[in-house]
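6 protein chains.
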Amino acid sequence: MLKDKNCLEDIVFDSEYKDSDIAIVGIAFDGTCSYKPGARFAPQAIRNDLYGLEAYSPYLDKDLSDYNICDLGDIELSFGNTILSLKTIKQEIKSILDDNKKTFVIGGEHLISCPIIENYADKYEDLVVIQFDAHTDLREDYLGEKLSHATVMRLVHNKLGDGRIFQFGIRSGTREEFAFANKHTHFCKFDLETLNEAIKEIGNRPVYVTMDLDVLDPSIFCGTGTPEAGGITFKELMDGIILLNGLNIVGADIVELSPHYDQSGVSTAVACKVMRELLLAMA
Amino acid sequence: MLKDKNCLEDIVFDSEYKDSDIAIVGIAFDGTCSYKPGARFAPQAIRNDLYGLEAYSPYLDKDLSDYNICDLGDIELSFGNTILSLKTIKQEIKSILDDNKKTFVIGGEHLISCPIIENYADKYEDLVVIQFDAHTDLREDYLGEKLSHATVMRLVHNKLGDGRIFQFGIRSGTREEFAFANKHTHFCKFDLETLNEAIKEIGNRPVYVTMDLDVLDPSIFCGTGTPEAGGITFKELMDGIILLNGLNIVGADIVELSPHYDQSGVSTAVACKVMRELLLAMA
Amino acid sequence: MLKDKNCLEDIVFDSEYKDSDIAIVGIAFDGTCSYKPGARFAPQAIRNDLYGLEAYSPYLDKDLSDYNICDLGDIELSFGNTILSLKTIKQEIKSILDDNKKTFVIGGEHLISCPIIENYADKYEDLVVIQFDAHTDLREDYLGEKLSHATVMRLVHNKLGDGRIFQFGIRSGTREEFAFANKHTHFCKFDLETLNEAIKEIGNRPVYVTMDLDVLDPSIFCGTGTPEAGGITFKELMDGIILLNGLNIVGADIVELSPHYDQSGVSTAVACKVMRELLLAMA
Amino acid sequence: MLKDKNCLEDIVFDSEYKDSDIAIVGIAFDGTCSYKPGARFAPQAIRNDLYGLEAYSPYLDKDLSDYNICDLGDIELSFGNTILSLKTIKQEIKSILDDNKKTFVIGGEHLISCPIIENYADKYEDLVVIQFDAHTDLREDYLGEKLSHATVMRLVHNKLGDGRIFQFGIRSGTREEFAFANKHTHFCKFDLETLNEAIKEIGNRPVYVTMDLDVLDPSIFCGTGTPEAGGITFKELMDGIILLNGLNIVGADIVELSPHYDQSGVSTAVACKVMRELLLAMA
Amino acid sequence: MLKDKNCLEDIVFDSEYKDSDIAIVGIAFDGTCSYKPGARFAPQAIRNDLYGLEAYSPYLDKDLSDYNICDLGDIELSFGNTILSLKTIKQEIKSILDDNKKTFVIGGEHLISCPIIENYADKYEDLVVIQFDAHTDLREDYLGEKLSHATVMRLVHNKLGDGRIFQFGIRSGTREEFAFANKHTHFCKFDLETLNEAIKEIGNRPVYVTMDLDVLDPSIFCGTGTPEAGGITFKELMDGIILLNGLNIVGADIVELSPHYDQSGVSTAVACKVMRELLLAMA
Amino acid sequence: MLKDKNCLEDIVFDSEYKDSDIAIVGIAFDGTCSYKPGARFAPQAIRNDLYGLEAYSPYLDKDLSDYNICDLGDIELSFGNTILSLKTIKQEIKSILDDNKKTFVIGGEHLISCPIIENYADKYEDLVVIQFDAHTDLREDYLGEKLSHATVMRLVHNKLGDGRIFQFGIRSGTREEFAFANKHTHFCKFDLETLNEAIKEIGNRPVYVTMDLDVLDPSIFCGTGTPEAGGITFKELMDGIILLNGLNIVGADIVELSPHYDQSGVSTAVACKVMRELLLAMA
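As you go down the protein sequences, you meet chains C, Z, E, P, G and Y in turn.
Be aware that the first sequence starts at 5, since it is given in our numbering, and climbs by one per residue.
Be aware that the second sequence starts at 5, since it is given in our numbering, and climbs by one per residue.
Be aware that the third sequence starts at 5, since it is given in our numbering, and climbs by one per residue.
Be aware that the fourth sequence starts at 5, since it is given in our numbering, and climbs by one per residue.
Be aware that the fifth sequence starts at 5, since it is given in our numbering, and climbs by one per residue.
Be aware that the sixth sequence starts at 5, since it is given in our numbering, and climbs by one per residue.
Everything labelled a hint here was simulated from the structure, so no lab data went into it.
We treat Cβ as the ideally placed atom computed from N, Cα and C, and that holds for glycine.
The reader is advised that the hints may include incorrect statements.
[Said to hold, decoys possible] From the derived model, a few chain E residues whose C-beta atoms are all more than 12 angstroms from chain C: (1) Asp-18; (2) Lys-40; (3) Leu-76; (4) Leu-81; (5) Glu-149; (6) Ser-152.
[Claimed, not checked] Distance condition first, Cα-Cα at most 25 angstroms in a straight line; then the derived SDA-like pairs of lysine to any residue: (7) C:Lys-98 x E:Gly-148; (8) Y:Lys-150 x E:Tyr-55; (9) C:Lys-204 x C:Gly-167; (10) Y:Lys-66 x Z:Tyr-146.
The whole structure should be built from the sequences, with the hints applied where relevant.
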C-alpha cells in the first residue's frame with residue numbers, strides 16, 4: 005500500500021482542529037536577524053525529522069499518542085515587511101486562543117514571541133513568562149531598530165511590567181542589559197539553578213514558556229544564528245522540563261533553530277526532542 | 005490565513021487521483037547501492053524543493069498548471085529486503101497502470117526501474133526504453149548479486165530482448181559491458197548525438213524513459229552515488245527533452261539523486277527542473 | 005615588519021576618495037530574500053578573498069594597478085526595515101554621484117539595484133540598463149510585497165519605461181513575466197546571443213550594468229539563493245564583458261552572491277574575478 | 005626511503021595472524037539502516053585515522069605496542085542481501101574463534117553483532133553481553149522486518165535468555181521496549197550508574213562488549229545515523245572502560261559510526277580512541 | 005553615513021599603539037603541522053567574528069571598552085621556511101616588548117609560542133609559563149624535525165629549565181612524554197584540578213599564558229588540527245580564567261584554531277570569547 | 005573469505021616492483037602553499053577512491069589490467085622543512101629512474117615537480133615538459149621565497165632553458181609572468197588549442213607531463229587550493245590526453261588535488277579518472 009506523503013512514523017499530529025487541545029503553528033520568520041539568518045527553515049526541518057522520533061519520552065514517561073494535538077501548518081508572511089508580519093502573527097494566534105486552544109509555535113527568530121505573548125497577556129492577566137535563552141534580549145533598540153530579536157524581551161517587559169519574566173541560562177548581553185535584568189526580571193545567569201524556587205513562586209499562575217534554543221550549549225546545538233559557548237547541557241534542560249511538568253503551561257514556543265548551520269542534523273534532532281518534551285509537559 | 009503545511013508555491017500536484025492522467029510515486033529505495041548510499045532521501049528532498057520552482061517552462065513553453073497530475077506519496081518498503089521490496093514496487097505500479105494512468109517515479113536507486121519496466125512491458129508489447137545514464141548497468145551480476153543497480157538494464161534486456169533499449173550518455177563500465185551494449189542495445193557513448201535518429205526510428209511506439217540523473221556531468225549534478233566526469237550538460241539534456249516532447253511517453257522515472265552529497269542544494273534543484281520538463285514532455 | 009591588517013596582496017583599492025574615479029561600496033542587504041538568505045555576507049567574503057587575486061586580467065590585458073579606485077566600505081543599514089534601508093542606499097549613492105564618481109556596488113540581494121539605478125536615471129536621462137540574470141525579476145508583487153528581489157526590474161521599468169532595459173541569460177519566471185519581457189524589454193532568453201547587436205544599438209549612451217551573478221550556471225556559481233541550471237558559462241560571461249569593454253559604463257553592481265552556500269569557496273572566487281573584469285571594463 | 009603505503013605512525017596492528025591474541029575484522033554492512041546510512045564507511049575511515057593516534061593510553065596506562073594484534077581486513081559481503089551477509093559474517097567469525105583468538109569487530113550497523121554474539125554464545129555457555137547504546141534495540145520487528153538494527157538485542161535475547169544482557173546509556177525506544185527491558189535485561193537508563201555493581205555481579209564470566217557508539221552524546225559523536233541527545237560524555241565512557249579493564253572480555257565490537265555525517269572528523273577520531281581503550285581493556 | 009570597512013560593532017581595538025598597554029598580533033603560521041593544516045586562517049577568522057561579540061564579560065564583570073588595546077595586524081612570513089619564520093617572529097615580538105607593551109598573539113600553530121616565550125624569558129628572568137593543551141608537546145623531535153608543534157614545550161623547557169612550566173588538561177602523548185612531564189614540569193593530567201594551588205605557588209611572578217585551544221573538548225571546539233576527546237568544557241575553562249584573573253600576566257597567546265574544520269563557526273566564536281576573557285584577565 | 009584490507013575492486017596496482025614498467029609514488033607535500041593547504045591529503049584520498057573505478061577506459065579503449073604497474077606508497081618527508089623535502093624527493097625518484105622504470109607521481113603541491121623533472125632532465129637530454137595548469141608558475145620568487153608552487157616552472161626553465169616547456173590552459177598570473185611566458189615557453193593561453201601542433205613538433209622526444217589539476221574548470225574540480233574559473237572542461241582534457249596517447253611519455257605527475265575542499269568527493273573522483281587515462285597514455 006502507498007503510505008501517506010506526510011506520514012510520521014511514530015509521532016503524528018493528526019487530530020482534528022476542533023478536537024485538539026494544542027495547535028502547532030510554524031512561523032518561518034527571521035527578518036530582523038542581524039547576523040546569520042536561517043531560522044526561517046526551522047519549521048520545515050523539524051517536520052521532516054519528527055517522523056523518526058519515538059512518541060514515548062523516557063524522561064516524563066508520557067507518550068504523545070495519548071494526547072490530542074493538531075498541526076495547522078505555517079502562517080503565511082510577507083518577506084521583508086516586519087511590521088506587517090508581526091500584525092499577521094498576532095491575528096492568527098489570537099483566533100486560536102479565542103477557540104480556547106493552547107498554541108505551540110515553531111519559530112522563526114525570537115521576535116515572533118512578542119505578538120504571541122501579547123495575545124496571552126491579554127487573555128491571562130496574571131500570566132508569567134519563563135524564558136530560556138543565552139541572551140537577555142533586553143536592548144531598547146538594536147542598530148536603531150526597536151523591533152528586533154535583540155529587543156524582544158524588552159518589548160514583553162513593556163507589556164507585562166516588572167517581576168513577570170523569569171530568565172534562565174543568560175550568558176551574553178551588554179553591561180546595560182545585565183543591569184536592567186537584575187532590576188526588572190527574575191534573572192538566573194548561566195544556568196537553571198533557581199528554576200525550582202521560581203516554580204514554587206509561580207504556583208498555579210498561567211505560564212508561557214519561550215524557549216530560545218540557543219540556551220543550550222553550542223556543543224549540542226550549533227545550528228543557531230548566534231551560538232554562545234557556556235550554555236546548559238541537554239540533560240540540564242531535560243531536568244528543567246521535568247520541573248516544568250507540574251506547571252499550568254498555557255502556551256509555548258521554540259525559536260532560533262537555524263538548521264543549515266548544523267550539517268550533522270543534530271540541532272534539528274535536538275529541537276524535535278525538546279518539542280516532544282515541552283508538548284508533553286503542556287499536555 | 006494559515007497556509008497549508010504542504011502547499012507548493014508555484015507547482016502543485018493536487019489533482020484527484022481519479023481525474024489525473026499522471027500519478028507521481030516516490031520509491032525511497034537504495035538497498036543495493038554498493039558505494040555511497042542516500043538515494044532514499046531523494047523523494048523527500050525533491051518534494052521540499054519543488055515549491056520554489058515556477059510551473060512554467062521556457063524550454064517547452066508549457067505550464068504544469070495546465071495538466072492533471074497527482075502525487076500519491078511514497079511506496080512503503082522493508083529496509084534490508086531487496087526481493088520483497090521489488091515485489092511490492094511491482095504490485096503498486098501495476099495497480100496504477102491497471103487504472104490507465106501513466107506513472108512518474110521519483111527514485112531511489114536505479115534497480116527500482118526493473119519492476120516498473122516489467123509492468124510496462126506486460127502492458128505494451130512494443131515498448132521501447134530510452135535510458136539516460138553514465139553507466140551501462142549491463143553487468144550480469146555485481147559482487148555476486150544479480151539484483152543490483154549495476155545489473156538493472158541487463159535485467160530489462162532479459163525481459164525485452166535485443167534492440168528495444170536506447171542508451172545515451174554512457175561513459176563508464178567494464179570492457180565486457182561495452183561489448184555487450186554494442187551488440188544488443190542502441191548504444192550512444194558519451195552524449196546524445198544519435199537521439200534524433202533514435203526518435204525517428206521509434207516513431208509512435210510507446211516509450212518508457214528511465215533517467216539516471218548521473219548522465220549529467222558532476223559539475224552540475226554532484227549529488228549522486230557514483231559521479232562520473234565527462235557527462236552531458238544541463239543544456240544538452242534540455243535539448244534532448246525537447247526532442248522527446250514529440251514521443252508517446254507512457255511512463256518515466258528519475259533516479260539516483262542522493263541529495264546529501266551536494267550541500268549546495270543544486271543537485272536537488274536540477275532534479276526538480278528535469279522532473280518538470282519530463283512531466284511536461286509526457287503530459 | 006608588520007603587514008597591514010587589511011593589506012591586499014595584489015589587488016589594492018587604496019586611492020584617496022578625492023582622487024578616485026570609481027568608488028566601491030558594499031551593501032549587505034538581503035531582507036526580502038524569500039528562499040535562502042545570505043547575500044548579506046557577500047561584501048565581507050569578497051573583500052577577504054580579493055587579496056589572493058592577481059591585478060592583471062589576461063582577458064582584457066589590463067591591470068587594476070593602473071586605475072584610481074577606492075573602497076568606501078559598507079553602507080550601514082537597519083535589519084528588518086526594507087523601506088528605510090532603500091532610502092538610506094539612495095541617499096548614500098546620490099552623494100557619491102554628486103561628487104562625479106562612478107559607483108561599483110557589491111550586494112546584497114538584487115533589490116538594492118533599484119534605488120541605485122533611480123539615482124543614475126536622475127543623473128543620466130538617456131541611461132540604459134544591461135541586466136545579466138537568471139530571472140526576469142519582473143513580477144508586479146511577490147507574495148504580496150511590491151519591494152522584492154523578484155520585482156526589482158519591474159520597479160526599474162516603472163522608472164525608465166520601455167526599451168531601456170536589456171536582459172540577458174534569463175531562464176526562469178512565470179508565464180506572465182516572460183510575456184511582459186517580450187513586450188517591454190530587450191529580452192535575450194537563456195544566453196548572451198544578442199549582446200553584440202545590443203551594444204551596437206546602445207552606442208555611446210551611458211550604461212548601468214547590473215550583474216545578478218546567478219546568470220552564471222550553478223556548476224560554476226552555486227553560492228546563490230536560487231540557483232538555476234542552464235546558465236551561461238564563465239567563458240561566455242568573459243566574452244560578454246570583453247564586448248562591454250567598449251561601452252560608456254557609468255555604474256555597475258554585482259549581486260546575489262550568498263557565499264555560505266558554496267563551501268568550496270569557488271563562488272566567492274568567481275565573484276572576485278567578475279568584479280575585477282567589470283571594474284576594468286568600466287575604468 | 006619509501007614508507008609503506010599503509011604504515012601507521014604510532015599504532016600498528018602488524019602481528020602475524022598465528023601469533024595474535026586478538027584479530028581485528030571490519031564489517032562494512034549497513035543494509036537494514038532505516039534512516040541515514042553510511043556505517044559502511046566506518047572501517048575504512050577508522051583505519052585511515054588510526055595512524056595519527058598514540059599507542060599509549062593515559063587512561064589505562066597501557067600501550068598497544070605491548071600486545072599482539074593483527075588486522076584481517078574486511079569481510080566481503082553482498083550488497084542488498086541481508087540474510088546472506090549475516091550468514092557470511094557468522095562463518096568468518098566462527099573460523100577465528102575456532103583458532104582460539106578474540107575478535108574485535110569494526111562495524112557497520114548494529115545488526116552485525118547478532119551473528120557474532122551467536123558464535124560467542126555457542127563457544128561460551130555462560131557468556132554475558134554488555135551493551136552500550138542509546139537505543140534498546142529490542143523491537144520484535146521494525147517496519148515489518150525481523151532482521152534489523154532495531155531488533156538486534158531482541159535477537160540476542162532470543163539466543164541468550166533473561167538476565168544475560170546488561171544495557172547502559174539507553175534513552176530512546178518505544179514504551180513497549182522499555183517495558184520489555186525492565187523485565188528481561190539488566191537495564192540502566194540514561195547513563196552508566198549501575199556499571200560498577202554489574203561488574204561485580206558478572207565476576208569472571210566471559211564477557212562480550214557491544215559498543216554502539218551512539219551511546220555517546222551527539223555533542224562529541226554526531227557521526228551516526230540516529231544521534232540521540234542526552235548521552236554520556238567521553239569521560240564517562242572512559243571511566244566505564246577503566247571499570248571494564250578487570251573483566252574477562254572475550255570479544256568486542258564498535259558499531260554505528262557513520263563518518264560522512266561529521267565533517268569535522270571528530271566522530272572518527274573518537275571511535276579510534278574508544279577502539280584503542282577497548283582493545284587495551286581486552287588485551 | 006558609510007560605516008568603516010573594518011568597524012567592530014561592540015569590540016574595537018582602536019587605541020593608538022603609543023597609548024596601548026596590550027598589542028594584538030596575528031601570526032598566520034602552520035608550517036610544521038603534520039596532520040590537518042589550517043591554523044593559518046585563524047587570525048582573519050577571529051577578526052571577522054569579533055565584531056559580533058559583546059565587549060562585556062559576565063564571567064569577569066569587566067568590559068573591554070575600559071582598556072587601551074591596539075591591533076597591529078599580522079606579521080608577514082615566508083611560506084615554507086620555518087627557520088626564517090621563527091626568526092622574524094622573534095624580532096617582531098622583541099620590538100614590542102622593548103616598547104614595554106604586553107603582547108597578545110593570535111596563532112597559528114603552537115610552534116610560534118617558542119620564539120615569543122624566548123623573548124619573554126629574556127626580559128623576565130623569573131618567568132613562569134602556564135600551558136593549556138591537550139598534548140604534552142614535549143617530544144625531542146617529531147618525524148625527524150626538532151622544530152615542530154609537537155616539540156614546542158620541549159624547546160621552551162630547554163630555555164626555562166625544570167619547574168617553570170605548568171601544564172593543564174593534557175590527555176595525549178607518548179609514554180616517554182608523559183614520563184618526561186612527570187619529572188620536569190608541573191603536570192596536571194586531563195583537567196585543571198591543580199590550577200588553584202599552582203596559582204598560589206606562582207604568586208606575583210610574571211606569567212606567560214599559552215592557550216592551545218585544543219585543551220577544550222572537541223564537542224565545543226572541533227575546529228583544530230588534532231582534536232582530542234576527553235577535554236575540558238568551556239565552563240571549566242572560564243572557571244580557570246577567573247582564577248588567572250589575579251595573576252601578573254605579562255603576555256598570552258591563543259593557538260591552533262583551524263576554522264575551516266568547523267563549518268558551524270562555533271570554534272571561531274569560542275576562540276573569540278576565550279580571547280576576550282584572557283585579554284580582560286591580562287588588562 | 006576475508007578480503008584484503010587494501011584490495012581494489014577493479015583497479016589493482018599489484019605488480020612486483022621488479023616486473024613493473026611504471027612505479028606509482030605518492031608525495032604528500034604542501035609546505036609552500038600560500039593560500040589553502042591540503043594537497044598533502046591527495047595520495048590517500050586517491051588510493052581510497054580508486055577501488056571504485058573501472059580499469060577500462062572508453063576514451064582510449066585500453067584496460068589497466070593489461071599493464072604492469074606497482075604502487076610504492078608515499079615518500080616519507082619532514083614537515084616544515086622544504087629544502088630537505090625536495091632533496092629527499094630527488095633521491096627517491098632518481099633511484100627509480102636508475103632502475104629504468106617510469107614514475108607516476110601523485111602530489112602534493114606543484115613544487116614537487118621540480119626535483120622530479122631535474123632527474124628526468126639529467127637522464128634525457130632532449131626532454132620536453134608539457135604542463136597543464138591554470139597558472140604560469142613562472143614567478144622568480146613568491147613572497148620572498150624562491151622555492152614555491154608559484155615559481156616551480158621558472159625553476160624548471162632554469163634547468164631546461166627556452167622552448168622546452170609547453171604550457172596549456174594558463175589563465176592566471178602577473179603581467180610579468182605572461183610576458184616571460186610569451187618569450188620563453190610554448191604558451192597556450194586559456195585552453196588546449198595548440199596542443200595538436202605541439203605534439204607534431206615534439207615528435208619522438210621524451211616527454212614529461214606535469215598535470216596541475218587546477219587546469220580544469222572549478223565547476224568540475226573545486227578541490228584545489230586556488231581554483232580559477234574559466235578552465236578547460238573534463239571532455240577537453242580527455243581529448244587532450246587522447247592526443248598525448250601517441251607520445252613517448254617517460255614520466256608524469258598529477259598535483260594540487262586538495263580533497264577536503266570538495267565535500268561532494270567529485271574532485272577526487274576526477275583525479276582518479278585523469279590518473280587512469282594518463283597511466284594508459286604512458287603505458
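Consistency of the hints with the structure:
The Cβ of E:Asp-18 sits about 28 angstroms from the closest Cβ of chain C, beyond the 12 angstroms cut-off, so the non-interface label holds. The Cβ of E:Lys-40 does not lie farther than 12 angstroms from every Cβ of chain C; its closest approach is about 8 angstroms, which violates its non-interface assignment. Consistency note on E:Leu-76: stated as away from chain C, and its beta-carbon is indeed over 12 angstroms from all of that chain's, at 19 angstroms minimum. The Cβ of E:Leu-81 sits about 8 angstroms from the closest Cβ of chain C, inside the 12 angstroms cut-off, so the non-interface label is violated.
Against the 12 angstroms criterion, E:Glu-149 falls within the reach of chain C, whose nearest CB is about 5 angstroms from its own CB. At the 12 angstroms boundary, the C-beta of E:Ser-152 falls inside the reach of chain C, the nearest C-beta of that chain being 7 angstroms off. Between C:Lys-98 and E:Gly-148, the direct Cα distance comes to roughly 22 angstroms. Compliance with the 25 angstroms bound is thereby established for this hinted pair. Simply put, Y:Lys-150 and E:Tyr-55 have alpha-carbon atoms about 21 angstroms apart, close enough for the 25 angstroms limit, and the pair holds.
Restraint check: the Cα-Cα separation between C:Lys-204 and C:Gly-167 comes to about 14 angstroms, which is no more than 25 angstroms; the hinted pair holds. The hinted pair formed by Y:Lys-66 and Z:Tyr-146 meets the criterion: a straight-line CA distance of about 22 angstroms does not exceed 25 angstroms.
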